[in-house]
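The residues making up each chain are set out below.
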Amino acid sequence: MSVDAATVKRIGRLARIRIEESEVPAYQNELNAILGFVEQLGEVDITGVEPMTSVTPMALRQREDAVRDGGYPEKIVANAPLSEDDFFMVPKVVE
Amino acid sequence: MTELTKLTLAEARKGLKAKDFTSVELTRGYIEAIETANPSLNAYVAVTPEHALEMAKSSDMKLGAGQAGPLEGVPLGIKDLFATKGVHTQAASHILDGFKPEYESSVTANLWRDGAVMLGKLNMDEFAMGSSNETSYYGPVVNPWRAEGSNMNLVPGGSSGGSAAAVSAWLCAGATATDTGGSIRQPAALTGTVGIKPTYGRCSRWGTVAFASSLDQAGPIARTVEDAAILMTSMAGYDPKDSTSVDIDVPDFAAAVERGVKGLTIGVPREYRMDGMPDEIETLWSQGLAWLKAEGATIKDISLPHTKYALPAYYIVAPAEASSNLARYDGVKYGLRVTGKDITDLYELTRAAGFGREVKRRVMIGTYVLSAGYYDAYYVRAQKVRTLIKRDFELAFADGVDAILTPATPSAAFGVGDEDMNADPVKMYLNDIFTVTVNMAGLPGIAVPAGKDAKGLPLGLQLIGKPFDEETLFAAGRAIERSAAMDFSPSRWW
Numbered sequence: 001m002s003v004d005a006a007t008v009k010r011i012g013r014l015a016r017i018r019i020e021e022s023e024v025p026a027y028q029n030e031l032n033a034i035l036g037f038v039e040q041l042g043e044v045d046i047t048g049v050e051p052m053t054s055v056t057p058m059a060l061r062q063r064e065d066a067v068r069d070g071g072y073p074e075k076i077v078a079n080a081p082l083s084e085d086d087f088f089m090v091p092k093v094v095e
Numbered sequence: 001m002t003e004l005t006k007l008t009l010a011e012a013r014k015g016l017k018a019k020d021f022t023s024v025e026l027t028r029g030y031i032e033a034i035e036t037a038n039p040s041l042n043a044y045v046a047v048t049p050e051h052a053l054e055m056a057k058s059s060d061m062k063l064g065a066g067q068a069g070p071l072e073g074v075p076l077g078i079k080d081l082f083a084t085k086g087v088h089t090q091a092a093s094h095i096l097d098g099f100k101p102e103y104e105s106s107v108t109a110n111l112w113r114d115g116a117v118m119l120g121k122l123n124m125d126e127f128a129m130g131s132s133n134e135t136s137y138y139g140p141v142v143n144p145w146r147a148e149g150s151n152m153n154l155v156p157g158g159s160s161g162g163s164a165a166a167v168s169a170w171l172c173a174g175a176t177a178t179d180t181g182g183s184i185r186q187p188a189a190l191t192g193t194v195g196i197k198p199t200y201g202r203c204s205r206w207g208t209v210a211f212a213s214s215l216d217q218a219g220p221i222a223r224t225v226e227d228a229a230i231l232m233t234s235m236a237g238y239d240p241k242d243s244t245s246v247d248i249d250v251p252d253f254a255a256a257v258e259r260g261v262k263g264l265t266i267g268v269p270r271e272y273r274m275d276g277m278p279d280e281i282e283t284l285w286s287q288g289l290a291w292l293k294a295e296g297a298t299i300k301d302i303s304l305p306h307t308k309y310a311l312p313a314y315y316i317v318a319p320a321e322a323s324s325n326l327a328r329y330d331g332v333k334y335g336l337r338v339t340g341k342d343i344t345d346l347y348e349l350t351r352a353a354g355f356g357r358e359v360k361r362r363v364m365i366g367t368y369v370l371s372a373g374y375y376d377a378y379y380v381r382a383q384k385v386r387t388l389i390k391r392d393f394e395l396a397f398a399d400g401v402d403a404i405l406t407p408a409t410p411s412a413a414f415g416v417g418d419e420d421m422n423a424d425p426v427k428m429y430l431n432d433i434f435t436v437t438v439n440m441a442g443l444p445g446i447a448v449p450a451g452k453d454a455k456g457l458p459l460g461l462q463l464i465g466k467p468f469d470e471e472t473l474f475a476a477g478r479a480i481e482r483s484a485a486m487d488f489s490p491s492r493w494w
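Quick note, the sequences are listed as chains S and X, same order. Each residue of the first sequence is one higher than the one before, starting from 1 at the first, in full-length UniProt numbering. Each residue of the second sequence is one higher than the one before, starting from 1 at the first, in full-length UniProt numbering.
Some hints could be false.
[Stated by the list, open to error] Taking lysine to aspartate or glutamate pairs in the EDC-like style, the calculated list, with each CA pair at most 20 Å apart, reads: (1) K341(X) / D4(S); (2) K333(X) / E39(S); (3) K85(X) / E39(S); (4) K427(X) / E20(S); (5) K62(X) / E50(X); (6) K293(X) / D399(X).
[Said to hold, decoys possible] Okay, the calculated bits of chain X under chain S, using three or more residues with CB under 8 Å as the criterion: (7) 13 to 22; (8) 38 to 52; (9) 286 to 298; (10) 338 to 344; (11) 350 to 362; (12) 424 to 430.
Because the hints were derived from the structure by calculation, they are not lab data. Even glycine gets a Cβ: it sits at the ideal position worked out from N, Cα and C.
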C-alpha cells in the first residue's frame, strides 16, 4: 500500500497538522519509505494469534471512583497561552 | 575540586557519608563543569544552579544529622521528558514552549525523597523520537567521544543523548533517561556508559511526557553497573497513579552486582547475527560470551524466530500510540499557540509550527495506520506480531535460559548530520534493531560498554533478562564490565 498526494493532505487534516503544498512530495516519499518497510509484516502467519493488549500479565487496575485531588483551577490554567477567570480561551467555536 | 566530578556515584556517596567533602562542594564542581562543557556538548537544555545548591545545602544538613537518604547529596541530571515542578519541562520540543509543570513526576519525586540533587534538565530527541539526538528543538547533543585523530563531531545516540553525554563527560554523577525502542541502551553504548531499561511496569510513568505508553519505561544511565543499580533502586517502585505500574517489591539492586554468573545459562540468539554485521561487532559479541563462560556461565544457542519483525511492528505500534498521546498539544492548554481564523486553524498552525519534522512524520504514520480501513491491516496485525515476539522470549526462558547476550548497536557512534542517516528515515530506525525487541516484549535490558572499534570509539553489549529479573542483568553486566577492564573515559577536548 502506498500513499498519494491527496492521502498525505488527508492525513495532515486528520492529524491536525497543516501541510503546505510544497511539503507534500517529501512527506509522500518518507511515509511511503516507512510503509514499504513495515510491509514485511505481511509475511508473518498470524492465524489464531491474539493481538497483544498488555505486555505484563496483569489486568488493568481500577481505582476507587472518588474525588482525591483538585480544587486548584489556577494551577490548571497556569501554563495556558491565554486564559481568563480560570478558563482556557479559544477562538469563537459556535456562531 | 573538579576531580570530585570524576568519582563514580558509589564513590561520591561514600565520600559524602564519610564527610570527605560536602554536597555543596560536589554540586559546585558539577555546575562549573557544565558551564565549561555545555557550549560544546549541548547536553543540558536548562541548568538550575541555585536550585541545585539549595538542595545540596539541605543534603549537607541531613548528612550532618545522620539522616541521609540512599542518594543524599548526589547531583543528577534529569531528562527533559520528566515533569519537574516549576522547572523547564518541554521534551525538547518547541510546542511545549515555556511549560513549567505544577507537579513532579513520580520517578524524580522518588529521587528527591532519597536525597538526590537536581543539576538541570537534559537534552534529548524531541518527544524521545530519534536515535541521534538531532531532532531536539535545542539542537544536537555532541558525543564527548571522538574517533582517534579526528575532530569530527559525533552523535551520542538517542533519544537520551543528553543523559548519556552528560554522564560520560562528568557533567552529573548519573542521569535519568527513558527507553521506548532503545533510547537508554543505544546512547549508553555509543558513549561508553551503562544504561538499563527495566521491565515494563517497574518504574512509574506518571509525570513522564508520554510517547508510546505501552513501550515507554524510565531507567538510569550511569558510569558503572553498580551506579546504575543504585539509581534503579531509587527510581523504581509501585505507584497507584500509573495503572500499569506493577505492585512488586523493589530489591536492593546494588546487592546483586557482585553475585557473579556461575551456573547461569546465557542464550545466544542466532537471528541477531545480521547480514552485513561489522566484524568488530561480531568479535565483541564472541568476546562477551567467552568472558561469561570463563566466569562460570553456560552458553546456549537459541532461536528467536520473529526478531526481524520487531522493528517494522514497532514502527506501527509506537507511531500509533504517539499520534494519540500527542493529540493533547493543541495550543490551548499549555505551550506554543499560533492563532488562525478559527479553532481548527489554531490547532493546525500550532502543531505545524510546534512539532519538528520527525515528530510530524511519526504522528502522520500513526494517524494513517489507525485510520478507517487500515486499522486491521496495520495496527491489529502489528499487535499480533508483538504477541509472537514476546512468545519467542518466553519459550527461550522456559527452556532454561537466564539471560540473553546480544550486541547493543549495529555500529559505533556516527557523525552529526550523517547524510545517509538523514536521507532515509528507515536507515536511522535500524539503530534500534537489537534493542527494540526488548520493548516489544516488555523485558528488562542493560547495555554495558565492552570494547572499542578500530577508531577507539566505545561499543556496548546488551543483556536481556526475564521479567522483573533485573538483578541477573546487573550481575552479568558487572561480569562483562570486570572482564573488559577498560577505561571508558573520553579524552577531553571541550
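Status of each hint after checking the structure:
1. K341(X) / D4(S): violated (28 Å)
2. K333(X) / E39(S): violated (38 Å)
3. K85(X) / E39(S): violated (43 Å)
4. K427(X) / E20(S): With a Cα-Cα distance of about 26 Å, the restraint between K427(X) and E20(S) is violated, given a limit of 20 Å.
5. K62(X) / E50(X): holds (19 Å)
6. K293(X) / D399(X): This hinted pair holds, its Cα atoms lying about 19 Å apart.
7. 13 to 22: violated (count 0)
8. 38 to 52: violated (count 0)
9. 286 to 298: violated (count 0)
10. 338 to 344: holds (count 6)
11. 350 to 362: Holds, because 5 residues of the region 350 to 362 of chain X bring their Cβ atoms closer than 8 Å to Cβ atoms of chain S.
12. 424 to 430: holds (count 4)
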